[in-house]
Structures are given as structure tokens and as C-alpha cells.
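Number of protein chains: 2
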Amino acid sequence: MAIKIMYQNSPIGSKLMKSYGMIFGVQTGLFYMLPWTQRALDKLIRLIDQEMESIGAQKMTMTCLTPAELWKKTGRWDSMGSELLKLPDRHKKMFCLGPTHEEAVTFLVSQKKLERKHLPLKLYQITRKFRDEMAPKYGLLRSREFDMKDLYTFDESVEKAEETYNSVCDAYNRLFTRLGVNFIKVEGATGVIGGTLSHEYHIPASAGQDSLFICNKCGIGVNKEVMDKDVLQTNHCKHRDCCDLKTSSGIEVGHTFLLGTKYSEPFNLHYNYVEGQKHLVEMGCFGLGVSRILQASIEHLSSDIQVVWPKLIAPYQVCIIPQKAGYKADVTWALAEQLYDQLNSIPHLRGEIVLHDKIQLSIGKRLKNMRRIGFPYAIVLGKKALEEEPLFELQSLYSNSSDMLTMPDLIDKLKNSIETIK
Amino acid sequence: MAIKIMYQNSPIGSKLMKSYGMIFGVQTGLFYMLPWTQRALDKLIRLIDQEMESIGAQKMTMTCLTPAELWKKTGRWDSMGSELLKLPDRHKKMFCLGPTHEEAVTFLVSQKKLERKHLPLKLYQITRKFRDEMAPKYGLLRSREFDMKDLYTFDESVEKAEETYNSVCDAYNRLFTRLGVNFIKVEGATGVIGGTLSHEYHIPASAGQDSLFICNKCGIGVNKEVMDKDVLQTNHCKHRDCCDLKTSSGIEVGHTFLLGTKYSEPFNLHYNYVEGQKHLVEMGCFGLGVSRILQASIEHLSSDIQVVWPKLIAPYQVCIIPQKAGYKADVTWALAEQLYDQLNSIPHLRGEIVLHDKIQLSIGKRLKNMRRIGFPYAIVLGKKALEEEPLFELQSLYSNSSDMLTMPDLIDKLKNSIETIK
Chain X
544 MAIKIMYQNS PIGSKLMKSY GMIFGVQTGL FYMLPWTQRA LDKLIRLIDQ
594 EMESIGAQKM TMTCLTPAEL WKKTGRWDSM GSELLKLPDR HKKMFCLGPT
644 HEEAVTFLVS QKKLERKHLP LKLYQITRKF RDEMAPKYGL LRSREFDMKD
694 LYTFDESVEK AEETYNSVCD AYNRLFTRLG VNFIKVEGAT GVIGGTLSHE
744 YHIPASAGQD SLFICNKCGI GVNKEVMDKD VLQTNHCKHR DCCDLKTSSG
794 IEVGHTFLLG TKYSEPFNLH YNYVEGQKHL VEMGCFGLGV SRILQASIEH
844 LSSDIQVVWP KLIAPYQVCI IPQKAGYKAD VTWALAEQLY DQLNSIPHLR
894 GEIVLHDKIQ LSIGKRLKNM RRIGFPYAIV LGKKALEEEP LFELQSLYSN
944 SSDMLTMPDL IDKLKNSIET IK
Chain D
544 MAIKIMYQNS PIGSKLMKSY GMIFGVQTGL FYMLPWTQRA LDKLIRLIDQ
594 EMESIGAQKM TMTCLTPAEL WKKTGRWDSM GSELLKLPDR HKKMFCLGPT
644 HEEAVTFLVS QKKLERKHLP LKLYQITRKF RDEMAPKYGL LRSREFDMKD
694 LYTFDESVEK AEETYNSVCD AYNRLFTRLG VNFIKVEGAT GVIGGTLSHE
744 YHIPASAGQD SLFICNKCGI GVNKEVMDKD VLQTNHCKHR DCCDLKTSSG
794 IEVGHTFLLG TKYSEPFNLH YNYVEGQKHL VEMGCFGLGV SRILQASIEH
844 LSSDIQVVWP KLIAPYQVCI IPQKAGYKAD VTWALAEQLY DQLNSIPHLR
894 GEIVLHDKIQ LSIGKRLKNM RRIGFPYAIV LGKKALEEEP LFELQSLYSN
944 SSDMLTMPDL IDKLKNSIET IK
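Chains as they are written, first to last, in the numbering used here: chain X, 544 to 965; chain D, 544 to 965.
Simulated from the structure, these hints should not be mistaken for lab results. Hints are not guaranteed to be accurate.
No copy labels: a pair is met if it fits in one copy or bridges any two.
Stated by the list, open to error - The list that follows gives simulated cross-link-like pairs (lysine to aspartate or glutamate, DMTMM-like), each with its CA atoms no further than 20 Å apart:
| id | residue 1 | residue 2 |
| --- | --- | --- |
| 1 | K680 | D632 |
| 2 | K867 | D585 |
| 3 | K789 | D847 |
| 4 | K635 | D621 |
| 5 | K821 | E612 |
| 6 | K680 | D787 |
Since this is a predicted model, take the numbers as computed values, not measurements.
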């Protein structure tokens, strides 16, 4: 059932993503994910699923169409302003296209008879969200339709909600660490979502629209938006006795909120503590900009001439480049096919290998293209592959190092050094 | 990082799905997928991805918001009628919420310089679709927001397009065969999508809204909608000399269309045959009702008292039921945990095992619940698990058979008999 993935079957190529055919803008702020990027997106989603599962969160899906009456209950139908896309159905009932789902999920949980033993409850989804931005820009960084992971948590008390909050932050830390990107966690603004505590996760990148202040001594960071006037004027961090304030540009990729009872109250979401004694549920909400993480990671890791993906979610891991058409090209082609089959038979590498079949192009040209679009590894079958014991050149394109290896050594090395998500 | 999946952490519960908490209706025709069903959905999506990959199709994602001008180009902005959900953005530009994406994808491909060597091109997505049904009903069978797989194919000639058409039909056949559901393929109506050839895939179920006529002799089936008056009146199949016409109710779960140049023409989608010689591209489109397949399969396989999923996509495969709280319950609990860990360490069974921790309930009651909500297998740790060599009762809940096995035999049997999708 498996088919050999040839280069020609992969239509592959912000500035980098657009120019290399990774995304397609159909209108201002509306982008298609092209196959190359889709693969990275699917991997990122599996990675997020793993981290959510590790904290006992359960995946579900709510509808994009959210009934107006839910949003009217919390007043956000009006307070969200013109970013909320609204439409009527054929019966003139009004809906919005969910930019976030606090109302929708709180309504769901309020329809169940909740006991103390059901808590904590952690529900999340990874779905399309909508925001009618005034000025969409920067590709996937600020688009009008985007993929978001939104987790909603339900706890019996403020203390338990804080525990849950910390466990989600830990999961976010693990996620960004596994991606191999630097991240900055700063105090954030609660904004229209509301609540009592909020943090933002940023990936540092010059394209970032947020200005962050981080104290190198106490480690506490803050978004300029929410800085005290004092701090701004004195250029001093919150702690009076320590201060080594640095600024950084960041792309916001995650946001966590302790919501308190802001949503459970209007939806009358109680749980039974003991018979006849009801308590309001304490809530939290936790977002990750999924499609935004893709582009932010690329902005963060890449150079002008080379796309660098977080290795774990690179669309493919290895590109095999056999010799150019001509003298004895059939020999390296046969070797390349053999190598492809062997690598592809290793469970965690299955589907991660591409055989570059445009052999009318020179090795150098193909290698340059593969470097540009973000392959972590290339295997070149040049003249040394024609020797009695063929040698293969393994190039680590992200670190610019290379090795000449026999086929068994090459397979061993890739098997052990590549981590994938299945 | 793995956590033990306890029953309490899995909020689990058409008639069956709603009553068992598998879906939640927030409004007429708008359903949330609850965690139980979400797991089946994610598996079904992976299965579809596998079959699409096997025919060289590439996954991508288009936006739900589709610019009106694309739909006006083909006249469908008006001809789709009131099922099309329309809305303006803040600049009064009009969009529809895509019920299907022929225009959107043809526009994309028409923006690339297409050479003959790029064909066939096969692009698909699995995304939310929208249809403002006059009378939504039957849960996921006819809802207003649903998951669909839509594949679009681009070929150089009618003959090549037919080859592609047949390869997709083969993939659909494999898909339904792997799901273990009966299916009926009949000639369908091309309707508002248009084109020259169309087939429908149905899962037979009494809840189905389509009446199908199938000739037992020639095997050709037809939807009543598109039957010749002749056939309807004479009750004869298309072939004059063979006839053994039977009728069946079916739920439409797939639809295939050979589109010809209906979309490539208005979008001026040509490819370069040789320098200076241009040809219109021949297109096909192929849908699968993803969320509908979930419910149709359940309708098809289940009884009034038991949900039966296609085994391959059952939310979990095995439920371990230790003895009720009381005499020596700690012994079977420890055994159950050991069994859980061992099964969970088998790569293809990882994440498929649930340990039923509501041990205040009797074994019988828990077993009855697990049977109802569609576990393929239950392992009961009753009195025989307390013997010197513990014996475990493996119940195959779909076939109502059971075996008493030692732990090694039990693990071996499950390892070999359960197929999962990773």
C-alpha cells in the first residue's frame, strides 16, 4: 500500500513560507496550508495531543458556529467588538464564528450534573478559529482564520485551579522545549477574556509585534502592554533590589488565564460538594496558536537562505539525492531506491523519506533547494557511491556538517539520531 | 509522561450516541464531538489519510471562509440556494462558509504555472464544512456543520481522469472494507456539483434516507433519485436480460464525481502540453462524510442495547474490570494495574487500554456499561484471578464469546488479534 514518495509529488516551494509555496493567500489574512506545511501542522498537533494527554486533558470538538445567546449571557457578544464575525442562519437566528469557546464549553459542562469527584475536568480542542482583524498581516502570525488549541479546565477551588494552571504551564514548557525553540514566559494582560492571572508565551523573533521586558536577575518578564507606569519610567523590574532589565521582541504563541468564576457564574455552573451544598466551579483557559507556532518557529530558527523547522515537526526528515542523469546514474538510482526502502521500513522513519527524482538537475542545485525548504538531512549519492563499497554523504543541513558513511552505518546513524512523532 | 487512563477520566456516555454522551447538541443540527467520539474520529481520519496517501494524494487545508467572487465565477453563489451560509467581513466583502471547495481549489491550482509533468495532481483536505439545512436531523447524519474529506484531482485527459477516478473508488472500497462495514456503490446524481459521471457510497441502515435499487444479477445499483422512469415502472434493471432487483435503505457516506472541465474552464485552468499548446485540465472531486461515517457505522453495526464500532476505530480497545471493592479487591487491583502496564507497553496497544476504577460498582454492572458504549474487549478479574495461577476472563463483547486465560496467554492473544491505526 505504501508508495515511494518522489520529490515531484511534493509541491513545495511570511516571506519564507510564501515564496517557497508553503502557504497560499486566497485573500488578505486568509491562507491555505499547502501540503508541505500541512505535514508539519499534523505533527505539531500530535505533539500537542501528547502533552495534553500527559496532564489528563481530553480532546473534543465544538462547533465553529456558536449561538449568539451564549455570548450574550456573558456580554461578550457586544464587548468583543468588530473582530467577532457574525451571521444569521436561514431562520434569522444569529451566530458568531468562534474566536474562542469559553461560553460554548461552559454551557456544555453546565448541562451535566457535576459532582466533586468529576473534577478536575480538562477539555480541549484543536480547531479553526476566526477573528476579523482590522489589519491582518505577517501571514500566519495575524490571520483572520487560524488553528488554535484551546483548553478549558474546571476545578473545585481556587487552590486546585492554581495547581491545574501550573500543570498546564509545565506542559507548555515541555512542548516548547521539545520543539527546540527558545521561549519567554511573561505576565500578560487578561483583556476581554478576563480572569485573575495570565501569562503569555512568546517565541523571540524580530517579526514579533510584542515588546517584552525581562529581568535577567529575577527572571520575571512582563509584556510592555501591562507594565506599571513606574517600571516603564524607571526602567526597573518589579523587585526593588534586583534589576537587569532587557527588552526583546516576541511572537505570542500561547496564553494562559485563571478565569475564576467569570464564566461559571452566568452559566450557573455549580458542582455538588455534598448533598445540597453547591459551589461555583473555578475555571481556567489555555490557548496555543497552532498555525502561528509553525511560522514563529520558522522565523525564530531560519536564516534568509534556509528554512529551519523544529526538527521534530519538519515535514520530512531525509532527502535522498542520487546522481545526475548520465554516466552510471542507474547505479546510484538503484542504490538510492534500496536505501529508501530500508529507511522506510524502520517504523519511526516510515513516511519521512523523500527520493529526489528530478535527476535532470545537478546534485548541487537539488541540494541547494532542499536546504532552502528545510530538510534536516540530505543523503548525496555522488562518485563515492560508485565505489566497490559505496559511500554515502550524509549532510546535516541545519548544522552544516557532513559524514561519508557506508550504507549500514548510515542507516544506523539516522535510525538513532532522528526522533519523530507517531 | 504516560498517564494511566482510568475510567473516571473518560466522560463517555442518533439515539445511541446522544444517550451515551457521545455527542452534544448545542443547537438544531450543531453537535460537539465529545471525547469518546473524538477518539474514533481521530482514528478514522488517520485511516483516511493512509488510503489517500496510498493513491498519491496530498493533504492540505483551505479556509472555511471562501471569497464570494470565486463562487460567482461558476454561478454557484446563486445556484446553491439558501443552504449556503453567507456573511460579510468588516469591509463588507462577502464570503461563504465552504460546504465544498471546487472553486477554492481550482483557483489555487490556476495560480500556478502547470506543466503536463505535474499531472495527475491530487489534493485533499479533512475539514469542517457548512450547510444551512432546511431541516437538520438524525444527529451527525444531517447536520449543519460537519467533517468532510474532499479530494480534488487534476488530469491531462478524460482517459487519465477516468483512471484517477477508478483509483479513488478502489481506495474507498479498501477503506470501507477495513472498517468492516457493508457498503453499496450506486450510480448517483451529479446535482449542483455537476460533471459527467457520479457514484454514491452508502452504508445500509434503516435510518438511511436514500432508497437504493440494486440488481443481484448484474450488481449495478442506482439511487431512486436518478432512476429512469422505465426502470421505476417496469421494476427492471438497466440490462434487459438480467434482473433481480432489490431495494435497500442507505446512508450516503461518499460521493465521487468526474467533473470534466466545469471548473477548469471558468478559472482558465490550463496546462502546457508542449510549448505554446495549452489544454484545459480534467477534474474530479471525491467526498467522504467523515463524521457521518462514524454515526452510519454505529447505526449499521449496533443493536438497541449495544454500541458496536468498527473495531479498527473503536475509541478504546480493551477495558480491564477488577473485582468490586471488598474482600481481596486489592489483589485483583494490583493484577489489573500490572496487566494495564504490560498491555500499554505494546506499541500498537499503547493508549488503547482503560482500567475501570469505579470499583464500588459490581463487575456485572460495569460490564453492562462497557458493552453498551462499545468496548470491543473486556477483561474481567473475578474469583479465578485470586487463584495461585490467576486466570482472566477475556470477553469479546462484539461476538459474545469468552475465554479464561493466564496473563501471558491473554497478552499474547490481544497483541495478535487487535489491529490499531497509528
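Outcome of the hint check:
1. In the homo-oligomer, the alpha carbons of K680 and D632 lie at most 20 Å apart only across protomers (16 Å), although the nearest pairing inside one protomer, at 30 Å, exceeds that limit.
2. When the C-alpha separation of K867 and D585 is checked against a cutoff of 20 Å, the pair qualifies neither within a copy, at 33 Å, nor between copies, at 42 Å.
3. For a Cα distance limit of 20 Å, the shortest separation of K789 from D847 qualifies neither inside one copy, at 26 Å, nor across copies, at 66 Å.
4. In the homo-oligomer, the alpha carbons of K635 and D621 lie at most 20 Å apart both inside one protomer (18 Å) and across protomers (19 Å), since each shortest distance falls under that limit.
5. In this assembly of identical chains, the alpha carbons of K821 and E612 never lie at most 20 Å apart, being 25 Å within a copy and 54 Å across copies at closest.
6. Taking identical chains as interchangeable, the C-alpha atoms of K680 and D787 are never at most 20 Å apart, the minima being 33 Å within one chain and 63 Å between chains.
Consistency with the previously given hints fails for numbers 2, 3, 5, 6, ordered from lowest to highest.
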